[in-house]
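S.K.: Here's the letter readout for the chains.
Protein chains: 2
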Amino acid sequence: MNPKLVPLIDSLPSTVPFVGPEALERKRNGLFRARLGANENGFGPAPSVIAAIQKHAAESWKYADPENFDLKHALASHLHVAPSNIVVGEGVDTLLGLAVRQYVSEGTPVVTSLGAYPTFNFHVAGFGGRLITVPYRDDREDLSALLDAVKRENAPLVYFSNPDNPMGTWWDADDVERFIDALPPTTMLILDEAYGETAPASSKPAIDISRSNVLRMRTFSKAYGLAGMRCGYAIGAQQQITAFDKIRNHFGMNKLTQIAALAALKDQDYLRQVVGKIIAARDRISAIAEANGLKAIPSATNFVTIDCGKDGAYALSVLNRLIERDVFVRKPMAPGLDRCIRVSVGLDAELDIFEQQLPLALQAAS
Amino acid sequence: MNPKLVPLIDSLPSTVPFVGPEALERKRNGLFRARLGANENGFGPAPSVIAAIQKHAAESWKYADPENFDLKHALASHLHVAPSNIVVGEGVDTLLGLAVRQYVSEGTPVVTSLGAYPTFNFHVAGFGGRLITVPYRDDREDLSALLDAVKRENAPLVYFSNPDNPMGTWWDADDVERFIDALPPTTMLILDEAYGETAPASSKPAIDISRSNVLRMRTFSKAYGLAGMRCGYAIGAQQQITAFDKIRNHFGMNKLTQIAALAALKDQDYLRQVVGKIIAARDRISAIAEANGLKAIPSATNFVTIDCGKDGAYALSVLNRLIERDVFVRKPMAPGLDRCIRVSVGLDAELDIFEQQLPLALQAAS
Ligand SMILES: Cc1ncc(COP(=O)(O)O)c(C=O)c1O
Ligand SMILES: Cc1ncc(COP(=O)(O)O)c(C=O)c1O
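From first to last, the protein sequence lines are chains A and B. If you read the first sequence in full-length UniProt numbering, its first letter stands for residue 1, the second for the next number, and so on. If you read the second sequence in full-length UniProt numbering, its first letter stands for residue 1, the second for the next number, and so on.
By construction, these hints were calculated from the structure, which means they are not laboratory data. Honestly, I wouldn't trust all of these hints.
Because identical chains cannot be distinguished in the list, a pair is counted as satisfied if it fits within a single copy or across any two copies.
[Stated by the list, open to error] List of simulated lysine-lysine pairs, DSS-like, C-alpha gap at most 25 Å:
{"no.": "1", "residue 1": "55", "residue 2": "266"}
{"no.": "2", "residue 1": "27", "residue 2": "72"}
{"no.": "3", "residue 1": "266", "residue 2": "151"}
{"no.": "4", "residue 1": "295", "residue 2": "27"}
{"no.": "5", "residue 1": "4", "residue 2": "151"}
{"no.": "6", "residue 1": "310", "residue 2": "4"}
{"no.": "7", "residue 1": "72", "residue 2": "55"}
{"no.": "8", "residue 1": "277", "residue 2": "4"}
{"no.": "9", "residue 1": "4", "residue 2": "55"}
{"no.": "10", "residue 1": "295", "residue 2": "4"}
{"no.": "11", "residue 1": "151", "residue 2": "27"}
{"no.": "12", "residue 1": "72", "residue 2": "295"}
{"no.": "13", "residue 1": "204", "residue 2": "277"}
{"no.": "14", "residue 1": "55", "residue 2": "295"}
{"no.": "15", "residue 1": "295", "residue 2": "266"}
{"no.": "16", "residue 1": "27", "residue 2": "277"}
{"no.": "17", "residue 1": "4", "residue 2": "266"}
{"no.": "18", "residue 1": "27", "residue 2": "4"}
{"no.": "19", "residue 1": "310", "residue 2": "204"}
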């Protein structure tokens, strides 16, 4: 006889949201030459951030301030909200888990788009929620269908990423605001803006912390180039933000991460430069796709999703041929989106490799 | 109308397991001169670890390997178990939360000692468990009373820390083994060995991964001096370890933390040196206590708990007088233990300050 897991946990499958590139490298028994699959930012963090990490490395014996006071205050003044409108956590992933835990118990309907960010779905499954998915429409999340599903199911939680992963597409602020206005006040919207910094300003509604049913989430993982440090934050009405304190891991933040995020936030010049490089890399990835007769879907993120022009099996074959050629990319898997591969931005040297290998991969896949 | 929290979360109080020293510093409007309260290790991580963090700081744009492959394999060979017997997480705190989530749902009885590690209790409350507490006996966790409570309540989960926080006391391996043998096979024991490296070898039972009802937890926060990096691990039978994968935050680990922990594990020479320094600091704290007419409780951890010889109110006053004097220490709060203050090891310069200030604090408290 063994200790018995609670039935919900026992019933969960052993799936993981993603397989990491390192696991693929171990399986292939060789390193990738181009790491363009994980929506990381290969331009990396600012030199000022790297210097801050190095300078403070010896302080890593101290637990981090559990209140994230300095970072929260810096974010608050950056965003023109109060510190009490912000909760900092170990990446958006962690904050998604905490938010789901707050609003979802066994059987709770939760609305998202079919093929949207899998880690959200992982958390919904982990707390026993019933996932209601709505297909994308024209490669964008379908706001009116999301709204219909929320109303039909009387769902207390809906997830929408703007810009979106895995398609890279976005909605304008006006549309997002109309969507928010139309939501029942008892439905919490997680507006995942992980890619907010690389998106046009016109896609971001003004922050309105009087809205008690919107949690906006942002991260230092993407434009700030700090995915490995694990720092994200949610912005919302005070009451909804303080609920996180009831369950979050108060001593979960890394001390050097607090320091790195603060330094990153201060270095807005670098951010602007990097966003410029990301946009240039996006353009180059699109140009490479088009030079090979493929259609690049317009992106507001740090990746470009490329329509391979045939079915999912073909795109999967292109993906595998790229991986064989030491180019790490990923692909959407949901029906309708699965005709695509997804290529993250990276240094020119890595895009050179992608440029060389894509035609060979396409040839091999045909 | 607002989005409604699930009733369990709504019912939780807004308590935090601990207030951090930084919050106290902000309140006092001044920095501590001696940081001796958070059971950190002021000797810090190895120079080799600091160098590794610095060297790899620029790689912080990469997500960490979600499988923690290298670290798990290094730990496995260090501990002579298989990698599948280990789960790595963002500190023992995170692993405690995940373990509680696996075995506890609303109303589940969970056994621990009254006054033991509060973060465990925080997680039990967070998942709706019913905490059954057993008083300490002679300043140690009372193994036979814990066992009685487990049986009486038919509890699926029991927590025992060896050595213990906040008292610093421990049981020998034989006693721990007898306790494990006597547990119902359906009761999971979390054997928290956060202070395992500073404890005598005779306190640690051989690792037996054939036991499906024991999860041993260890950390890089204490002897390894990496509290701020957030890395712990649990060791157990494969089936119980893989259950963590169903719910853990697969991309939760910090990339530099994986690197730091690996480097720390490699540098066992430094660990031995530091453990020597910790023992010397313990002896010095005990000597300071005794020079002031107080009784130091023998400790196997990186802190010394000092019996102030009177009641809880008096010890609290001593604590506050120390804090006023820029010395950060903490104290147990549970009845019976609350006559004590708890002083973590630190550099000689910090212990000098403690030595100067303790007699003044005692005088002021009288
Ligand atoms: C839409 C979306 N949200 C969140 C994340 C993860 O963010 P973080 O690194 O802050 O956990 C990602 C990363 O790929 C993402 O695409
Ligand atoms: C008994 C015990 N367990 C766990 C922890 C926390 O360990 P970690 O830093 O790995 O989360 C502590 C820290 O004080 C502790 O005293």
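S.K.: Now look at each hint and say whether the structure bears it out.
M.R.: Now the hints, each set against the structure:
1. When the C-alpha separation of residue 55 and residue 266 is checked against a cutoff of 25 Å, the pair qualifies both within a copy, at 16 Å, and between copies, at 23 Å.
2. Taking identical chains as interchangeable, the C-alpha atoms of residue 27 and residue 72 lie at most 25 Å apart only when they sit on different chains, with a minimum of 17 Å there against 41 Å within one chain.
3. In this assembly of identical chains, the alpha carbons of residue 266 and residue 151 never lie at most 25 Å apart, being 42 Å within a copy and 56 Å across copies at closest.
4. Neither within a single protomer nor between protomers do residue 295 and residue 27 lie at most 25 Å apart by alpha-carbon distance, with minima of 31 Å and 58 Å respectively.
5. Proximity of residue 4 and residue 151 under a CA criterion of 25 Å is satisfied inter-copy only: 16 Å between copies versus 37 Å inside one chain copy.
6. For a Cα distance limit of 25 Å, the shortest separation of residue 310 from residue 4 qualifies neither inside one copy, at 47 Å, nor across copies, at 44 Å.
7. Proximity of residue 72 and residue 55 under a CA criterion of 25 Å is satisfied intra-copy only: 22 Å inside one chain copy versus 28 Å between copies.
8. For a Cα distance limit of 25 Å, the shortest separation of residue 277 from residue 4 qualifies neither inside one copy, at 52 Å, nor across copies, at 42 Å.
9. Within a single copy, residue 4 and residue 55 get their C-alpha atoms no closer than 47 Å, and across copies no closer than 44 Å, so neither meets the 25 Å cut-off.
10. Proximity of residue 295 and residue 4 under a CA criterion of 25 Å is satisfied in neither setting, with 51 Å inside one chain copy and 43 Å between copies.
11. When the C-alpha separation of residue 151 and residue 27 is checked against a cutoff of 25 Å, the pair qualifies neither within a copy, at 45 Å, nor between copies, at 47 Å.
12. Taking the shortest alpha-carbon separations for residue 72 and residue 295, neither the intra-copy value of 41 Å nor the inter-copy value of 42 Å comes in at or below 25 Å.
13. Proximity of residue 204 and residue 277 under a CA criterion of 25 Å is satisfied intra-copy only: 21 Å inside one chain copy versus 54 Å between copies.
14. Proximity of residue 55 and residue 295 under a CA criterion of 25 Å is satisfied in neither setting, with 45 Å inside one chain copy and 40 Å between copies.
15. In this assembly of identical chains, the alpha carbons of residue 295 and residue 266 never lie at most 25 Å apart, being 37 Å within a copy and 49 Å across copies at closest.
16. For the identical chains of this complex, residue 27 and residue 277 are neighbours neither inside a copy (32 Å) nor across copies (43 Å), given an alpha-carbon limit of 25 Å.
17. In this assembly of identical chains, the alpha carbons of residue 4 and residue 266 never lie at most 25 Å apart, being 49 Å within a copy and 36 Å across copies at closest.
18. Neither within a single protomer nor between protomers do residue 27 and residue 4 lie at most 25 Å apart by alpha-carbon distance, with minima of 33 Å and 45 Å respectively.
19. Taking the closest pair of Cα atoms, residue 310 and residue 204 never come within 25 Å of each other, the shortest separation being 33 Å inside a single copy and 60 Å across copies.
In the structure shown, a violation is registered for the earlier hints numbered 3, 4, 6, 8, 9, 10, 11, 12, 14, 15, 16, 17, 18 and 19, in ascending order.
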